[in-house]
Structure formats: C-alpha cells, structure tokens
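**Student:** Spelled out, the chains give:
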Amino acid sequence: MRKVYTHIDQIVGPVVTLKANNIAYGELARIRLGDGNETYAQVIKLRGDEVTLQVFAGSKGISTGDEVEFLGRQVQLKFSADDLLGRTFNGVGEPVDGRPALQDCEDVDIGGPSFNPARRIIPSQMIQTGIPMIDMFNTLVKSQKLPIFSVAGEPYNELLARIALQAEADVIVLGGMGLKYDDYLFFQRQLVPSKDRTILFVHTAADPVVECMMVPDMALAAAEKYATDGKDVLVLLTDMTAYADAMKEVAVAMEQIPANRGYPGDLYSQLAARYEKAVDIQGSGSITLLAVTTMPGDDVTHPVPDNTGYITEGQFYLKGGVIDPFGSLSRLKQLVNKKTREDHAPLMNAMIRLYDASRKVRQQQSMGFSISSFDQAVLAYGADFEARMMDLKVNLLLDEQLDMGWKILAEHFTPAQTMLPGKLIESYWPKGD
Amino acid sequence: MSSNQGKVLGVSGNMVTVAFDGNVKMNEVAFISLDSGDDQVQLKAEVIRIRGRECDMQVFEDTRGIHIGTEVHFTGELLAIELGPGLLSTTYDGLGNPLDELADNSGLFLKRGVYLPTLNRTKVWQWTPVARVGQRLRAGAALGTVPEALFEHRVMVPFGIVGAIEVLEMAVAGSYTVADTIAKVKLLQTGEVRELTMVMPWPVKRPIDAYEQRLLPERPLTTRIRIVDAFFPVAEGGTACVPGPFGSGKTVFQQGVSKYAEADVVIVAACGERAGEVVETLREFPELIDPRTGRSLIERTIIICNTSSMPVAAREASVYTAVTLAEYYRQMGLRALLLADSTSRWAQALREMSGRLEEIPGEEAFPAYLGSLIAAFYERAGLVRISDPNLGSTEGSVTTIGTVSPAGGNFEEPVTQSTLAVVGCFLGLTYARSYAKRFPAISPIDSWSNYIDRMSDSLEKQYFIGWVDTVKRLAAFYAAGQRIGDQMKVVGEEDLGLDDFVHFLGAEFLDAVFLQQNAFDPVDASPSAERTALSLQLTARLIEHEWNFSNKDQARETFTQLTSIFRDWNITAVQAPEYQQLLDRLEGSMKPVDSAA
Ligand SMILES: Nc1ncnc2c1ncn2[C@@H]1O[C@H](COP(=O)(O)OP(=O)(O)OP(=O)(O)O)[C@@H](O)[C@H]1O
Ligand SMILES: [Mg+2]
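Chains as they are written, first to last, in our numbering: chain A, 1 to 433; chain B, 1 to 597.
There could be a bad hint or two in this list.
Mimicking DSS-like on lysine-lysine, the simulated pairs with C-alpha atoms at most 30 Å apart in a straight line are [stated by the list, open to error]: (1) B:Lys461 <-> B:Lys552; (2) B:Lys461 <-> B:Lys259; (3) B:Lys7 <-> B:Lys205; (4) A:Lys248 <-> A:Lys319; (5) A:Lys338 <-> B:Lys552; (6) A:Lys180 <-> A:Lys60; (7) A:Lys231 <-> A:Lys338; (8) A:Lys393 <-> A:Lys180; (9) A:Lys248 <-> A:Lys338; (10) A:Lys407 <-> B:Lys437; (11) B:Lys111 <-> B:Lys123; (12) A:Lys423 <-> A:Lys407; (13) A:Lys19 <-> A:Lys45; (14) A:Lys45 <-> A:Lys60; (15) A:Lys360 <-> A:Lys393; (16) B:Lys7 <-> A:Lys3; (17) B:Lys437 <-> A:Lys339; (18) A:Lys195 <-> A:Lys393; (19) B:Lys186 <-> B:Lys205; (20) A:Lys339 <-> B:Lys259; (21) B:Lys7 <-> A:Lys19; (22) B:Lys111 <-> A:Lys78; (23) B:Lys437 <-> A:Lys423; (24) B:Lys437 <-> B:Lys489; (25) A:Lys231 <-> B:Lys111; (26) A:Lys338 <-> B:Lys259; (27) A:Lys431 <-> A:Lys407; (28) B:Lys123 <-> B:Lys7; (29) A:Lys407 <-> A:Lys360; (30) B:Lys552 <-> A:Lys360; (31) A:Lys360 <-> B:Lys184; (32) A:Lys248 <-> A:Lys45; (33) A:Lys319 <-> B:Lys437; (34) B:Lys123 <-> A:Lys360; (35) A:Lys45 <-> B:Lys111; (36) B:Lys25 <-> A:Lys45; (37) A:Lys231 <-> A:Lys60; (38) B:Lys489 <-> A:Lys319; (39) B:Lys7 <-> A:Lys45; (40) B:Lys186 <-> B:Lys25.
For the record, the hints were derived by calculation from the structure and aren't laboratory data.
Bound conformation, chain A alone (with noise of 0.2 Å):
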C-alpha cells in the first residue's frame, strides 16, 4: 500500500518538492539515495499534486532520481517506559549510542495537543537544585518553564549538568540542539551517575539541520508521556537559539517572509508550543522546562531571547559565570517561598539589598569617591556574597543556603544595619560563640 515515487522536481536547502498523490499533510517519508543511504522527510506543504518535504538529513547528496516512498503516518517517537532510561537518540528518535533499536515499544506522535488550561492547576512546590542563586534567590518552581539566558561563552552546559545531577526529578529529558561535539561528550560522561534516570536526545553542530527542530518535540513527548504516568520530569534543552535558527534555515528554503532579523512570522507561536508543554498535572506528574537561550551579541532584544521572555515564567541571566541576581527572576518563587522557612523571603530581600548596595559603593569607589566605614563592611559583604553565594560551584541545601545567609551577614554587620524584621534576629541570627 505504501506510495514510492521515483522523481524530485526541485531542491533547495534541505526543502524538495516532487508531484505525488494521497499524501496527508505532516505525513513522514523515506528518501532512499543512490548510495544506499537512507533519510527521512515530513510532508510540510501540499498543492494540488505537488508535495514539499523537509528533509531531517538535509539535501545533500539527494539526486532528482532517487526513491521517496511515502510511510502513511506522522512523526512519531518510540516509547517505552522503562528502555528509554540511560539511552541516547539522535533527533529523529534513532538510536546513537550503539545500542539497538527499541523492541516492543508504543509509537508516540511529536507535537500533541496543548493541555487544557481548565485542568491546570497552580504550581505549589519549588525543586532543590543545590544551587544558592536559584533555590533561595530564584526559586525553580515545580511545571516552571525558565530559560538560561546567556552569552556564548558562559559556563550554561556545565550548569545544566549540574542541575541535572541534582534537581529533584524521577526523570531528565536533555534535549542537544547544535551542541558541539565536546559539549557532547561533556554531557554524556557528566550524566553517567544519573543515567538510569536520565535520556539524551541530541542534535549535534555537524548534524543536519532539520533533525535539530526535531529534538524539543521528542524530548518533549517523551516527557509528556512520563508525566501523565506520574512521573515529575525535568526536560533541560540547549540552546534553544540553534533550534529557532533551524527554523529560520527552513523558512528561508521555503521562502516565507521574515517578521524580524530573518526569524520566520511564526517564531512566537513555535518556541511557545514547545515551552507551554510545562505543566503540573493534578494527582499525577509533572514537566519542569529550562532551556539554554544564547544570545547573539549579549543582546537581549534579539528575537530569539525576546520571545523567550515573552513565554517563559521568568529567566535566569548568567553572565561573567554566574547567575546575575538583577537580571533573572523566577516569577513564580512568591507561590513557594512562604512554605520553605520564615526567614526566606525577608533575607533574600535583605542580602539582595545589600549586595545592590555594595556594587554602587564598588562604582563610586571606582570614581574616587571617599567611602565610610559602613561602605567599607557593604564591600567586604558584597565580595563575600560572591564567594560564598554567587558562585557555581557552591552546593548547599537550601536550609544550609539559608544559615550561610545569616552567617554572612552577621560577619559584617550588626543586626540593625540588615534592617530585618526583630523577631527573625532573634531566632535566627548567629550566637557569638
């Protein structure tokens, strides 16, 4: 029953079109080339009896006589519960590790339906990293979707390993879009420790392009699959700015308009599509996003990351190698920090000031302005805060997070210069001993 054409009209970039007929719009197909070789492509326009195709391998080495048969069904993942764990696919769900396919699994369409937002519940647990700049600062909440704002450079798949490594959640998702071939490596020799808990689905550099777009939908229909099993996962992409310019490659090859810097008129709708899978699903699982968005040129109204704001529940901005308190918010850490401990809000608010404070006096000094004895001890906490807090490699639960606070602070001032609330002093400012 299976349809097999034998001629390709026309090749751009990694779009072809060919004259078939009774073939369904997104429908999957095979392309067999001359030398054997095989890819696949998804049926992305139809007009009258001419069929456009995104090829997942791209086009090269695709000649005007080879093979496309059409496979009568969508784009699907291989699901099984239990083999997925530990194991690492490429972007169009085939096994890279060596190991072999999948047997007696679930075929699972990409890019299912929305959830309903009647039955979405108000996300009410926040997810322990170890990491002070996001647990006590910027709380990750539970069905968050927050990406890493960061400038090429930073240090984002080391923290993402880290969080990883450590985040609260039965399963990961890690979805590589465009990674290098080290990052690659980094990630699969990092993740060892957690592997039975752990899938890769990667699209590296050298990748063909179209298998990039395809990454976030496996990733994330094997986490949505996960999730309503009851499972809490944590489904962690990088970088989500190699992913929009795949999209931006195939809008171009089908020579759509661009809205803004080339991206397609779309690129809203798209990475929301993705992002709003994020969802805390009562009486079962969950799915928690964070998503590495690098930002060309550390410019944050480039339309990559500008959308991304515009979807997300907040971001996390690292810059200089570490989580900038100014720049990233969690919007929602109010719903969780009243149920962690008391002092939580109030000494977050106060370190905070406090470190504001010490960057100014930094700058006046800097503009040789005499500073008084009080900015002497705002310097000395603000270069402290960065040791002890700030940097990446601290690694503290967040009641230790917590006491650090406290201890800190009391190293350089008294109760009254924090301007914390009397009855908070009393119970949680450290005994000299």
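Using the hints, position chain B with the ligands against chain A.
**Tutor:** Okay, now just chain B with the ligands, sitting in the frame of chain A:
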C-alpha cells in the same frame, strides 16, 4: 442550511485551499472531514479569501492528516458565538467552547475536532416575560429577563433581524432552559414566523449595533490603580493600551484591573499568552469576594482563553469572541470591561495567516491592513444609549484595555503604533521602572490620557473639587523633578542647589507613595476612591509644604521618614488602629513644633 461541498486543493500550515461549486461567503464556516485511520473528525475552518472557484480557509485546529481531495462541508453560517444566559463564570476557548466541559468530555488534552455548545442546554432559568403579545419591537428589545448572577439578563429580539417584528406568543413566567421556545414572532418585512429561544448566535466579526445612539464617554471607569485613576484616567466606554517589554507588569496590571475595576461584567481575553496565568484567575476568582456586591468575583467574569499553544487561527477569533460578549452585556445597560492580553499575539496570528496567503507584507511582515483591523477592534468600545419600549432608557458601555507586547520592547513597531493611533489612553510600561521594581511600571512621563479634561466634572464629583488641578500640578512637579534628577546624575549632588534637591526628593516621594502600588498587598492593591482622594491631597500638601530645610541631609532624612510612614499607611486597612495613628504622624510632621516624628 446550504449543502455546499468542496475539496481540499492545498495545505500549508493552518491554511487550507479548497475548491468549491456553489456559493461561498467570506468568513463562512466549513468543516473538513478527516478520517485518518481510527479517528474520524470534523475540523472547523473559516473562509478568509475567495478567488474564483477556490477559497482559502484558516483551520482552527492542527491540520496534520489532511489530504488533497479531503471533503469540506460549508455551513452557510458565518463564524459566530452563541449569546444568552449562562456565559458568566465560564471559561471558553477562542471559539466559545467551554473548556471545563471539553475536559469532562475528552480528557486532559484538547482533542481536535471536539466542539461543544457555548451555552449549557440543561440549566434552568427563571423567565419573566417583558414584551406583550401584539407588541411591535425591533432588534435588541427585551422579550423577557432571567436572573443571572447580579442582574436581570435581558433576552432580546435577535440583533440581526431587519425591521420590526410582531410578538405572536410569549412563554408565561416560569422555568426554562435556553433551548426552550420563549416567544413566537412574525418578521413584518418578510412575513416569516419564527420561534425564538434564549440562544442568539451572533457573527463575532460584526459589531452589535442595536442601540439608539453612541454617546461621548464623560465618566471615569475607576480601576483602583492610583497612577491610572489620577494621572491617566480611563473613561467608561473608552479605550486604553498597555504596551511594555516582557516582565514589565502587563499581566499583573490587567489582573488587578479585572479584580477591582468598577464594572458590571469583565471579559478577560487571554490571547496567545501563558496558560498558567489564566489558571491564577480561574482558581482565585471563585474565592475572592467583590466587596461592592458581596458576591464572588467569578460571577461577573467571563474568561476567553486561547493561550499561546492553542491553535493560532482560534487566537485570531478569540478577540472578536471576547468583544462580542462585551457588546452583548452592554445591550442590557451594563458596564462591560474587556481586558485583552495580549493584542500583539492576535496581530501575530494575522501576520502568520497573511504570510500563508502570500500577501504583500507591510512593516515587519505584518499585513498592510493591520492598522485598520486594530482600529476597528477598538472602535467596538463605546458608551451607548439603549432605549427599550418596555424597560425604558439606560446607558451601557464597553471599555477596552489591551496590552501590547512590542518586539524588543521597542514602541516604534507596527502594533504599538497602530494602537496608539486609535486609543484614548496610553499606559506605557518601561523596562527601567520594572527593573528598579517601581511597580506599576507605567511611565509617569510618557503616558497620556485624552479623557482627563473631558471628564473633569465627573472626576471632581468623584474625588474633590480641585482634583484635576492638583493632578496637573503634581504631574508638572514630577516632570520637573525628573529633569533635576537627570541633571544631578551629571553634576553630582554637591553642585545642586538646596531648592532643586528638595524638589527632586519631593518627586521621588510622589513616586514612592502615590505612583507606586504593590499589587500583591491586600490593602495597597485596591484603595477606594475616597482613599485615593485622601492620598493625593495629603501627598500634594506634604510636597508643597514650606519645609525650610537647613541642609540636604535634613531634607533627605525627612523625606525618608515620610516615605516610610506613608508606605506603611498605604498597606494599613482603614479599620486598623494604626490607620489613624500613621495619618496623624504624617499630619504632625507638617506642624512646626513636633516635626521630629
Ligand atoms: N504591581 C506590581 N507589584 C509588584 N510586582 C509586580 C507588579 N507588576 C509586576 N510585578 C512583577 O513583575 C513580574 C512580571 O509581571 P507580568 O507577568 O505582569 O509581566 P508582563 O509584562 O505581563 O510580561 P510578559 O510580556 O512576559 O507577559 C511579576 O511576576 C511580578 O514579580
Ligand atoms: Mg504577561
């Protein structure tokens, strides 16, 4: 009912090209029959362009699986929503499908091709007839009423009827569902006899115009956001836009207004934004009591929820669905408030379709007709007089406040600019203010309201005589204070004169105690009009007081003190004992003897 059929000729994203035989109307609804193996579904679509024997349709669903040749059934009906009792307290998608019932029907995920009636067919309403048999009536006249939430919901002669009707029969008072016949009427122009129910379908893209006349908006619509009500007031029946970069507080602003604004019915249109934000409204409102009515807030609210991952074409329809609902309640003599967040997502939906239609693009690839669509949308706001032969004359209004999400936070982009050209009030949120946590981040300098002078009489009646003057004086004072602040950044504090320095402190004080408002504080979030009047007077007096400071430190110290007391007062409930104490301290600070508070 036309039995017009067509066949799919092409598919590109959510656009389908269809060949047809009979006649097809612009904006007509059709269903695409999809049988892909196990699931047999009908996908709803709307005609958006007709060329010869082909038309282009936007599909309100995922289009995967559609083939060339797939059958299409045209309905002969325009894209419409059912109007009638039972809309309040409900959450719908952009097409008017009740989301709760959808979930009951098909589970946690939105299954494509499932459509449910907007109005509940089994709920029973207490019907009281208004019109009499033999009466001649026109579109919009009340046939009867049913109690819905806080008011009598008017069941009206369908707005689409041309010319007069004669009432032939009326249902007696009693219990009816929306599907029961409540009147039999004769259309005098055609002689056709029709049985009417409480359900009135209305094409969403067509404004409802069954009113006597449009009136000039001259009364404020109180939002309880101080900076808005005082400096940039919105008129009842007017329009406002709230542009701002991401994270600047658009949604928090809209949520505040949806809770506290002096409106009878609030339509919240969550258009292409986060589903999580709608959930806050959905879960909170049933618990929140509206102090003015003693009823739960959800009872005056309708949520149109077509969030960012829901189909884009339905997002385009959602703003029209929302404004149609607002107009419907306006026809009952009510104050309807439409809050759309974000209109940019609607504009982007238009851009996506325009791209698929391969139209010649305008700026940033938005369609050339973007401006006229935006203008037409805001034009559906307004204050109108409704004259009912049996119920008398009343006024009803639609007030529209839309957020705009400009790319890169830059207001020089087409959606912001087209919107600014048509609205009566501009509340511009700035990154600088939100970064400095000065919420609401509405710029006191760049924002404007065209309504303030036109409404001066009613404003002075609501607040106090001299209100408008005080506001204008303070606005000028603030602007001058900002200029001094800018100057200070260059020359440093030392080189600034004492008077200028005090002026600067005064402006910062105005900002801290009046312009800023904590949306998350139970008291500060919603001061009454009386309280706002008192705040403004007190702020003005404190700023304009002859302090006679001897030096800058003394001035700074005094204003720091005042700010701290005033902000404490802002978060203190009127009933609390500290309320008067704090007020006394502020008053006391202006008395020369015991100025050291
Ligand atoms: N009035 C306010 N008082 C206190 N905090 C506020 C206020 N307004 C906004 N915020 C803070 O700013 C954050 C972002 O606000 P909001 O979600 O309204 O932004 P937005 O402009 O709608 O952003 P987006 O365009 O991304 O939807 C909130 O989570 C809150 O922390
Ligand atoms: Mg928002």
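**Student:** Take the hints in turn and mark each one as holding or not.
**Tutor:** These are the hints, each one checked on the structure:
1. B:Lys461 <-> B:Lys552: With Cα atoms ~39 Å apart, B:Lys461 and B:Lys552 exceed 30 Å; violated.
2. B:Lys461 <-> B:Lys259: holds (24 Å)
3. B:Lys7 <-> B:Lys205: holds (26 Å)
4. A:Lys248 <-> A:Lys319: OK: A:Lys248 and A:Lys319 at ~27 Å, within 30 Å.
5. A:Lys338 <-> B:Lys552: At roughly 40 Å apart (the allowed maximum being 30 Å), B:Lys552 and A:Lys338 break the hint.
6. A:Lys180 <-> A:Lys60: Measuring from Cα to Cα gives roughly 21 Å; hence the hint holds.
7. A:Lys231 <-> A:Lys338: Holds. A:Lys231 to A:Lys338 sits at ~25 Å (cutoff 30 Å).
8. A:Lys393 <-> A:Lys180: holds (23 Å)
9. A:Lys248 <-> A:Lys338: violated (43 Å)
10. A:Lys407 <-> B:Lys437: With a Cα-Cα distance of about 27 Å, the restraint between A:Lys407 and B:Lys437 holds, given a limit of 30 Å.
11. B:Lys111 <-> B:Lys123: Roughly 25 Å between the alpha carbons, so the hint for B:Lys111 and B:Lys123 holds.
12. A:Lys423 <-> A:Lys407: The given pair, whose Cα atoms are some 17 Å apart, holds under the 30 Å limit.
13. A:Lys19 <-> A:Lys45: Given pair A:Lys19, A:Lys45 holds - Cα atoms ~12 Å apart, limit 30 Å.
14. A:Lys45 <-> A:Lys60: Holds. A:Lys45 to A:Lys60 sits at ~21 Å (cutoff 30 Å).
15. A:Lys360 <-> A:Lys393: holds (26 Å)
16. B:Lys7 <-> A:Lys3: holds (22 Å)
17. B:Lys437 <-> A:Lys339: holds (23 Å)
18. A:Lys195 <-> A:Lys393: Judged against 30 Å, a Cα distance of about 22 Å means the pair holds.
19. B:Lys186 <-> B:Lys205: This hinted pair holds, its Cα atoms lying about 27 Å apart.
20. A:Lys339 <-> B:Lys259: holds (25 Å)
21. B:Lys7 <-> A:Lys19: The hint holds at about 19 Å.
22. B:Lys111 <-> A:Lys78: holds (21 Å)
23. B:Lys437 <-> A:Lys423: holds (26 Å)
24. B:Lys437 <-> B:Lys489: holds (20 Å)
25. A:Lys231 <-> B:Lys111: Since the Cα atoms of A:Lys231 and B:Lys111 sit roughly 23 Å apart, the hinted pair holds (cutoff 30 Å).
26. A:Lys338 <-> B:Lys259: OK: A:Lys338 and B:Lys259 at ~23 Å, within 30 Å.
27. A:Lys431 <-> A:Lys407: holds (10 Å)
28. B:Lys123 <-> B:Lys7: violated (39 Å)
29. A:Lys407 <-> A:Lys360: At roughly 23 Å apart (the allowed maximum being 30 Å), A:Lys360 and A:Lys407 satisfy the hint.
30. B:Lys552 <-> A:Lys360: holds (20 Å)
31. A:Lys360 <-> B:Lys184: violated (77 Å)
32. A:Lys248 <-> A:Lys45: holds (16 Å)
33. A:Lys319 <-> B:Lys437: holds (21 Å)
34. B:Lys123 <-> A:Lys360: Roughly 63 Å between the alpha carbons, so the hint for B:Lys123 and A:Lys360 is violated.
35. A:Lys45 <-> B:Lys111: Within the cut-off at roughly 23 Å; holds.
36. B:Lys25 <-> A:Lys45: holds (25 Å)
37. A:Lys231 <-> A:Lys60: Not satisfied, since the Cα-Cα distance of roughly 41 Å exceeds 30 Å.
38. B:Lys489 <-> A:Lys319: holds (27 Å)
39. B:Lys7 <-> A:Lys45: holds (16 Å)
40. B:Lys186 <-> B:Lys25: holds (27 Å)
Hints 1, 5, 9, 28, 31, 34 and 37 from the earlier list are contradicted by this structure; the remaining hints agree with it.
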